[in-house]
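Chain Y is fixed; fit chain Z onto it per the hints.
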Amino acid sequence: KQEVTQIPAALSVPEGENLVLNCSFTDSAIYNLQWFRQDPGKGLTSLLLIQSSQREQTSGRLNASLDKSSGRSTLYIAASQPGDSATYLCAVTQGGSEKLVFGKGMKLTVNP
Amino acid sequence: GAVVSQHPSWVICKSGTSVKIECRSLDFQATTMFWYRQFPKQSLMLMATSNEGSKATYEQGVEKDKFLINHASLTLSTLTVTSAHPEDSSFYICSAKPDRPYSNQPQHFGDGTRLSIL
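Which chain is which? The protein sequence lines are Y and Z, in order. According to the numbering used here, the first sequence is numbered sequentially starting from 1. According to the numbering used here, the second sequence is numbered sequentially starting from 1.
Just so you know, the hints here were simulated from the structure itself, not pulled from any lab data. Don't take each hint at face value.
Cross-link-like lysine to aspartate or glutamate pairs, in silico, EDC-like; alpha carbons within 16 angstroms at most [unchecked claim]: (1) K64(Z) / D88(Z); (2) K97(Z) / D27(Z); (3) K107(Y) / D84(Y); (4) K41(Z) / D39(Y); (5) K14(Z) / D88(Z); (6) K99(Y) / E59(Z); (7) K97(Z) / E98(Y); (8) K1(Y) / D27(Y); (9) K97(Z) / E52(Z); (10) K99(Y) / E3(Y); (11) K66(Z) / D88(Z); (12) K55(Z) / D65(Z); (13) K42(Y) / D111(Z); (14) K42(Y) / D84(Y); (15) K1(Y) / E59(Z).
In this text the structure is predicted, and so the values were computed from the model without any measurement.
Chain Y extracted, bound-state conformation:
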């Protein structure tokens, strides 16, 4: 059974720092991996999607990498801003299924 872990559960940093968020998964036979953002009481916004054949994806200040063999992904946030404060979730799908298996998320607080 696939399990997705995000450690730490929470992180508080001053504005301007470069951040690395970690995600690990137990079964390396994934189809793709996604990073989401969730604001309090809201749904999910997809940030980046990495196919299993890809190593990384970039969007603006965000960069996500994937090392499928070791079961790890990182989300890099450059020059963090208070508006980046949210919970970040990592999720994977496995071949032939659209089912997303989520981690518990990491609550990020960027202080001005």
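Quick look at chain Z alone, frame taken from chain Y:
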């Protein structure tokens, strides 16, 4: 961009009441939609996969008679929590997987429904 509308956003009701939550894809068709549940400080957990024109597929441990899913059109799925009890209080989120020609897109999520059973 693709938008999924979920309604209502917040429900408070008495124990024993049945509650219906709607999930609509506004600018695309979705044969497949998903229903998730999220308890505080926990992961989103998939409850069921909703398929237009056929029965939903429920995950292990989810009672199909308690959580009724209807996917009557390519843009609408509904989740009815029947005879809700306080332990059903949670945050329910739906998502929709676009059909062709946008099937290369990932699932799009609604804003969720906060359900509180008194």
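For each hint, the structure was consulted:
no. : hint             : in the structure
1   : K64(Z) / D88(Z)  : holds (14 angstroms)
2   : K97(Z) / D27(Z)  : holds (12 angstroms)
3   : K107(Y) / D84(Y) : holds (10 angstroms)
4   : K41(Z) / D39(Y)  : holds (13 angstroms)
5   : K14(Z) / D88(Z)  : holds (12 angstroms)
6   : K99(Y) / E59(Z)  : holds (10 angstroms)
7   : K97(Z) / E98(Y)  : holds (8 angstroms)
8   : K1(Y) / D27(Y)   : holds (8 angstroms)
9   : K97(Z) / E52(Z)  : holds (12 angstroms)
10  : K99(Y) / E3(Y)   : holds (13 angstroms)
11  : K66(Z) / D88(Z)  : holds (10 angstroms)
12  : K55(Z) / D65(Z)  : holds (12 angstroms)
13  : K42(Y) / D111(Z) : holds (5 angstroms)
14  : K42(Y) / D84(Y)  : holds (15 angstroms)
15  : K1(Y) / E59(Z)   : holds (13 angstroms)
Hint violations for this structure: none, all hints satisfied.
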